[in-house]
Amino acid sequence: MSATTPDAFETPVTSRSERVRKALVGTAPIFIVLFILLALIAIENPNFLEPPGFLAFLKRAAPLAILAAGQYFVIVSGEFDLSVGSIVTVVVVVAARLIDDDPSKTWPIIALLLGIGATVGVTNGLITTRLKVPSFITTLGMLLILSGAVFWWTGGAPRGALPDNFREIGRLGIQDFPVLEQLPWSVVILLVIGIGAIVLMRASFGRRLMAVGDNESAARLSGVKVENMRTIAFVLSGLSAAVAGILLGGFAGVSAQVGQGLEFQAITAVVLGGVVLGGGRGTVLAAMAGALTLEALFTLLNLYGVSGALEDTVQGIIIIAAVAFASYRLRGAR
Amino acid sequence: MSVSEPTKAAGTGGGDAPTTPRRRSAWDDRKEAITNSPATPVYAALLGVFIIAWIVVTIDGGTFLTVSNIVNMLQRSVALGIVSAGQTVAILAGSLDLSVAFLISLSSLVTAEVMDGSDANIVPAVLAVLALGVVVGLGNGLIITKLRVNAFIATLGTALILQGLIQNRYDGPAGSIGDGFEQLGYTRFGIIPASVFLLVAVVALVYFLLRWTRFGFRLYAVGGDEEVSRLSGVRTHRVIIAAHVVCSVCAAITGLFLASRLGAGTPTVGTDGGYDLESIAAVVLGGTALAGGRGGVLGTIGGVFILAVLDNTFNQLEVNAFLKDVVRGVIIIAAVAVYARRSERRA
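As given, the protein sequences belong to chains A and B, one line each in that order.
In my numbering, each number is its position in the first sequence, counted from 1, plus 461.
In my numbering, each number is its position in the second sequence, counted from 1, plus 282.
The hints are simulated quantities; they were obtained by calculation from the structure and are not laboratory data.
A couple of the hints might just be wrong.
[To be verified] Label pairs and their calculated CB-CB ranges:
#1 B:V609 / A:W568: 28 to 38 Å
#2 A:G616 / B:I337: 43 to 53 Å
#3 A:Y789 / B:D554: 34 to 44 Å
#4 B:A402 / A:A503: 51 to 61 Å
#5 B:F497 / A:G616: 46 to 56 Å
#6 B:I333 / A:T580: 32 to 42 Å
#7 B:D554 / A:P564: 36 to 46 Å
#8 A:A489 / B:R520: 30 to 40 Å
#9 A:L771 / B:I337: 45 to 55 Å
#10 B:F499 / A:A489: 39 to 49 Å
#11 B:L424 / A:A500: 24 to 34 Å
Ideal placement from N, C-alpha and C gives every residue a C-beta, glycine not left out.
Based on the provided sequences and hints, a complete structural model is requested.
Here you go:
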């Protein structure tokens with residue numbers, strides 16, 4: 462690409478204020494909803510306004526927000542990833558069995574876990590793009606394979622234990638941090654991944670990925686390697702699921718149900734953030750805000766004492782209402 | 283959007299443009315219908331799986347090709363078969379339904395509660411369950427079409443709503459089934475269980491709906507391209523809503539059947555069976571395109587039978603339950619990869 466011919470996926474020629482305005486219109490609703498929910502939580506529980514209270518909330522929400530960021534890449538490229546919940550389970554169970562309370566093994570095993578996440582992502586991507594299996598089926602099959610394989614290996618229930626230096630990642634943080642008292646590691650990781658994802662989506666990669674989800678044939682005709690882009694999206698999703706699993710292993714401990722249903726929660730979070738299933742629309746920041754909103758909703762329902770059973774019902778109604786509201790707004794714009 | 287449209291039109295129009303001068307006989311039509319039908323590779327795969335299972339089980343010392351074993355497999359296909367027949371209709375419309383598992387549980391509970399152990403209440407119980415199916419289907423359809431919520435999220439939301447309602451009221455089996463109704467689950471006519479006739483009836487009805495009614499034609503049109511069928515004067519919203527009503531009613535019938543098998547309503551019967559994802563897997567194994575507009579209920583039943591043969595084989599070989607999931611995952615992906623290659627070659 463020479464300097465005189467502009468790359469189709471470089472920054473489009475619009476004024477800066479125009480771009481900022483567009484981004485705000487796209488992401489504002491989810492932040493308004495998030496803000497309202499946070500305010501309601503603060504009214505019920507004034508501790509929430511103190512840094513430790515709020516950081517505890519962020520710490521709890523971090524795994525889901527990281528999963529949502531990963532899922533965002535896949536959804537915006539026009540696919541689904543239903544395998545992330547089972548990746549989380551695999552990560553926690555494998556870590557517990559292989560490390561088995563031996564602190565010296567923690568770091569090599571973490572590298573292995575990230576490798577597992579990336580490998581699952583590559584496999585999902587290759588099956589979806591090269592064998593032309595719809596990603597819904599690819600990742601559904603992968604869900605069956607992963608959850609079956611890991612419990613076949615451990616004989617039905619998780620075995621072993623996680624050492625403290627593994628669990629600290631999800632539980633503790635940088636002590637004696639000014640103002641905040643303690644800055645949890647999971648919040649640091651969330652911030653790094655969040656900023657990384659935003660930078661990635663603003664770079665040429667992000668524009669090409671968006672183009673693939675928006676109009677596959679147009680992207681292909683403009684020289685985008687559609688298959689590779691989608692495969693990379695699946696790898697990012699697999700990696701983010703591995704990170705979320707590492708955090709959840711520390712935060713929630715070892716259990717067979719740790720990843721159950723997380724895929725649906727992550728997809729819901731992304732869609733709550735105004736990202737359109739089918740691809741090509743929405744921002745990663747809004748997707749992560751969607752995850753925080755979902756987590757805030759769970760917290761609020763807990764505070765209101767809508768515990769257990771009816772929580773699901775309320776959650777279902779709110780999700781439908783939120784998405785209906787978002788699509789009502791989109792109708793004019795499209 | 284606009285760039286992809288012309289290629290799509292050329293792809294579908296290209297098939298029938300240059301016809302041969304020879305008059306086509308009815309036999310040619312039939313032959314073409316069979317080779318082009320998306321159900322054909324499904325039954326070829328079923329035959330292959332069946333023969334392999336037969337060989338493997340026999341070598342292992344089990345019995346496979348006996349009347350009682352085959353009837354057993356048929357009987358175990360009934361519940362999944364009925365849900366999947368309904369799921370086929372939803373998927374053909376370009377939608378999908380993730381709420382069926384909870385609807386099945388709720389239907390089994392409603393059946394048992396209304397019947398309350400007395401055969402005199404069979405009619406009200408059946409009517410109540412069918413009404414429940416219609417209401418949930420209408421709800422799903424209206425949310426998807428009028429509120430424009432993506433089907434995935436809409437039915438996931440409905441699933442959560444139903445789950446909450448179930449858990450709020452029930453924490454164990456409830457109600458009971460009259461002796462007469464229990465016969466549905468256990469009577470046999472000769473060697474054929476009554477429930478197999480129920481499956482055949484539902485499949486025949488769905489087949490009739492898809493092949494011989496205006497609703498069926500419109501359903502394929504809407505699933506193929508909603509915008510084009512809308513512009514051709516199809517009221518696409520009505521078609522999608524009707525598709526969801528059919529899907530939910532099928533799930534409700536499955537709940538009725540499972541209640542009669544178990545003798546009571548059970549809050550987890552739908553989710554334990556994994557009927558939501560399992561039925562989608564069966565539909566896709568049956569050669570129906572997940573994007574909608576292509577496929578049919580006969581293929582779906584082939585897909586259900588493939589899963590039943592696998593299940594039976596694994597049970598006879600006493601394969602570890604977790605390994606079973608691994609193999610099933612591999613087979614679902616592999617089968618769909620084969621179908622994808624096939625349809626790509628033809629196009």
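Could you check the structure against the hints above and give me the numbers of any it violates, in ascending order?
-> 2
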